[in-house]
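J.: Given next are the chains, with one letter for each unit.
Protein chains: 2
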Amino acid sequence: MTLLTGMRVVEHAAFVAVPLAGMTLAQMGADVIRIDRLGGGLDAGRWPLAPSGQSLFWAGMNKGKKSVAVDTRHPEGQALVQQLVAAPGDDAGLFLTNLPARGWLDHETLCTLRDDIVSVTLKGDRHGRPQVDYTVNPALGIPHMTGPEGSRDPVAHALPAWDLIAGNMCVSALLTAERHRLRTGEGQKVELALKDVAAATMGHLGMLGDATLNPTDRTKAGNALYGAYGQDFVCADGRRIMVIGLTGRQWRGLVKATGTENAMQAMERRYGISLADEGERWRRRAEITDILRPWFAARRVREFRTEFDAAGLTWSEFRTVREALADDADLSSDNPMFDILHQPGLGTYPVPRHPATFGAADRSPAQAAPSLGAHTEEVLGDIARLTDTEIAHLFDAGIVQSESYSATRTAA
Amino acid sequence: MTLLTGMRVVEHAAFVAVPLAGMTLAQMGADVIRIDRLGGGLDAGRWPLAPSGQSLFWAGMNKGKKSVAVDTRHPEGQALVQQLVAAPGDDAGLFLTNLPARGWLDHETLCTLRDDIVSVTLKGDRHGRPQVDYTVNPALGIPHMTGPEGSRDPVAHALPAWDLIAGNMCVSALLTAERHRLRTGEGQKVELALKDVAAATMGHLGMLGDATLNPTDRTKAGNALYGAYGQDFVCADGRRIMVIGLTGRQWRGLVKATGTENAMQAMERRYGISLADEGERWRRRAEITDILRPWFAARRVREFRTEFDAAGLTWSEFRTVREALADDADLSSDNPMFDILHQPGLGTYPVPRHPATFGAADRSPAQAAPSLGAHTEEVLGDIARLTDTEIAHLFDAGIVQSESYSATRTAA
Chain A
14 MTLLTGMRVV EHAAFVAVPL AGMTLAQMGA DVIRIDRLGG GLDAGRWPLA
64 PSGQSLFWAG MNKGKKSVAV DTRHPEGQAL VQQLVAAPGD DAGLFLTNLP
114 ARGWLDHETL CTLRDDIVSV TLKGDRHGRP QVDYTVNPAL GIPHMTGPEG
164 SRDPVAHALP AWDLIAGNMC VSALLTAERH RLRTGEGQKV ELALKDVAAA
214 TMGHLGMLGD ATLNPTDRTK AGNALYGAYG QDFVCADGRR IMVIGLTGRQ
264 WRGLVKATGT ENAMQAMERR YGISLADEGE RWRRRAEITD ILRPWFAARR
314 VREFRTEFDA AGLTWSEFRT VREALADDAD LSSDNPMFDI LHQPGLGTYP
364 VPRHPATFGA ADRSPAQAAP SLGAHTEEVL GDIARLTDTE IAHLFDAGIV
414 QSESYSATRT AA
Chain B
14 MTLLTGMRVV EHAAFVAVPL AGMTLAQMGA DVIRIDRLGG GLDAGRWPLA
64 PSGQSLFWAG MNKGKKSVAV DTRHPEGQAL VQQLVAAPGD DAGLFLTNLP
114 ARGWLDHETL CTLRDDIVSV TLKGDRHGRP QVDYTVNPAL GIPHMTGPEG
164 SRDPVAHALP AWDLIAGNMC VSALLTAERH RLRTGEGQKV ELALKDVAAA
214 TMGHLGMLGD ATLNPTDRTK AGNALYGAYG QDFVCADGRR IMVIGLTGRQ
264 WRGLVKATGT ENAMQAMERR YGISLADEGE RWRRRAEITD ILRPWFAARR
314 VREFRTEFDA AGLTWSEFRT VREALADDAD LSSDNPMFDI LHQPGLGTYP
364 VPRHPATFGA ADRSPAQAAP SLGAHTEEVL GDIARLTDTE IAHLFDAGIV
414 QSESYSATRT AA
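Quick mapping for you: the protein sequence lines, in order, are chains A and B. The opening residue of the first sequence carries number 14 in the working numbering; numbering runs sequentially from there. The opening residue of the second sequence carries number 14 in the working numbering; numbering runs sequentially from there.
Derived by calculation from the structure, the hints in this document are not laboratory data. Mixed in with the good hints, there may be bad ones.
[As the list claims (entries may be wrong)] In silico EDC-like links for lysine to aspartate or glutamate, alpha-carbon gap of 20 Å or less:
| no. | chain 1 | residue 1 | chain 2 | residue 2 |
| --- | --- | --- | --- | --- |
| 1 | A | K136 | B | D322 |
| 2 | A | K202 | B | D375 |
| 3 | B | K136 | B | E162 |
| 4 | A | K202 | A | D119 |
| 5 | A | K136 | B | D119 |
| 6 | A | K136 | B | D341 |
| 7 | B | K136 | A | D322 |
| 8 | A | K136 | A | E204 |
| 9 | B | K136 | A | D341 |
[Unchecked claim] Anything over 10 Å on all C-beta distances counts as not near chain B; from chain A, calculated:
| no. | residue |
| --- | --- |
| 10 | T37 |
| 11 | D128 |
| 12 | P378 |
The beta carbon of each residue, even a glycine, is placed where N, CA and C say it ideally should be.
If we strip away everything but chain A, and leave its shape as in the complex, we get (with noise of 0.2 Å):
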């Protein structure tokens, strides 16, 4: 995709959160220049591993970057840093970091050489604490509400899944910088906290609310969808599959499916209420489903698949991602959204490129991920503008390095 052609991006980052941002940002056509230290930053060897030990995690994250790796420790080192991060060009100038702030990147070291720098920097918490995904979850509540009714021991979530919400918003904070920067020609700097897009996060979905006005808690409810109804029921195929009554045309649409309209009617007149309201189908999904479950408990998937299909229900199959992989054209090259590439050093699966389609852009093709520091001569010579001799000089002195992602992990 070309959209953002012509936008140059610094990132120095690891892990989930600004990786993503630049991520996503070099597959809408931005040039996005990852800086890592020699050998690799923190999450050079991020699980998953392919069978050759090179990180999957990695590889998923760097996607379309150019590589620079660099002695971030030495003076020449980062004075090279900082002269990429603020190197001419009207649509570059824009930095984005999750490293904890050093003198020599701070913001405002980095508008001494380039007065319009955007630079968005993701804190753990606003006191520049750290924290993670894996600490932010369960000091704000959600394990608490996650897993089994009735059990007492909080569940974690798998999915980093404020990692990947504070990524995305600092794309979207990004833009906005930028967006006042060709208007205005000001540039900015922008900070938020992992803790607090957690937080706020909370806030937006009511849960602060409805902890500070309401007296009991929100439980653990299994796999039900809180606040109306949706569950997993167990098929008589062994498979497990989840049914949607969120709105009130999916209700109807269940019921009406399975043929529970009088069951549901009687529990309807039994307590004087009615099934329309979806904070009824909450109250009452133990009785709800109570009537579903022999339905489903008679029928295999297949009995139903096209029926539900056709009348338009929402619902899905369990499956784990290997059966996800082997069963879904949307995971396959059958789904345009998907390249099946081949990573060097890693293997050949289906790489995502941008979600989105844009009508004004063609939907260029997934691109792999760079070796590390495979585009550290290059860099040097297009972006800082340095001539042969002192590239020359800082790969001599051990300063940067161009090599292979690969050796340095194999040997690790």
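Given chain A, put chain B in place with the hints provided.
T.: Chain B alone, transformed into the frame defined by chain A:
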């Protein structure tokens, strides 16, 4: 915040993702007009609810928007919505929706009224079939990675993570398309599907490569941090904490703070491994936990809190939302992100601003959500440029309403 002041976005949507997108733009200063059908949209009563019965969810997702209530089945109502989307203004003509594409509101139809429309549409899956967070997540395998080690039952997440990610991605997609229009004058149609957002994100994290290239599935690991070390422990006071040893620095800090260097070294010798390798920490996590458990079991959190913080360890305590609100200054007005706001009809509770601080704009206070239809008359006059007579006709004919949100909900 005023960075996007002057930008006008029309939103016709429900539930999490797209309303969150509109709200996020509103919190950055955009003028966001939410269109609902008469009586309120599909999410008008979405849980959680305030003691009054009004939706805390709706209030959270619609902060700072203008609310217009229109009979969207009536031809005049449809024409009015089209007119609002296509109304003049350099920074207008922006449309966000997650409702099924219908002729009168699809991109091509809107372009007959204004040829530079930018529309962003979120679908369920790429085929246009209905999918929600609660169905996408099981279909792609995350619940099989979530929950207690050894358990076979899939555990769905309580946080609508995919919706939240997709919503934030709608923001960056809209800003990217609008940036293109600023430069070229060209509008465009942007489409994305919730299921694709989830599938792409799992690809970015390396999960699709993992299941493609490796012979075994990623299994449930309880509350352990995947791929390195991180674990929950119950302390002597019954409190549960999470400690992280993801980076080498975090790991060394944890071992040092718990005085377990000798035991860890003995384990390294026993197996001929180095726990400096994050993969070995992951493989040996059960034995590491056995070494650390007695240390935490013998201590109350208050005995090591100060020491852990001083050592810069990455850790947190498990809490319910209620406990977090009671204990944590980050969830109070001590955090400039939060305003303790009165939301009419609901109550007084901490309401978040946008999580980012932007150097070029003040962080203006959080705004309450409107009552349904609160801005109908204003928007018809100021944006649609209708005369008082035309506005009176629409109200008299029942095509628009200006009713109070609370009146609607308590009547439901």
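J.: Are the hints correct? Go through all of them and say.
T.: Checked hints:
| no. | hint | in the structure |
| --- | --- | --- |
| 1 | K136/A x D322/B | holds (16 Å) |
| 2 | K202/A x D375/B | holds (12 Å) |
| 3 | K136/B x E162/B | violated (34 Å) |
| 4 | K202/A x D119/A | holds (9 Å) |
| 5 | K136/A x D119/B | violated (40 Å) |
| 6 | K136/A x D341/B | holds (18 Å) |
| 7 | K136/B x D322/A | holds (16 Å) |
| 8 | K136/A x E204/A | holds (7 Å) |
| 9 | K136/B x D341/A | holds (18 Å) |
| 10 | T37 | violated (7 Å) |
| 11 | D128 | holds (13 Å) |
| 12 | P378 | holds (14 Å) |
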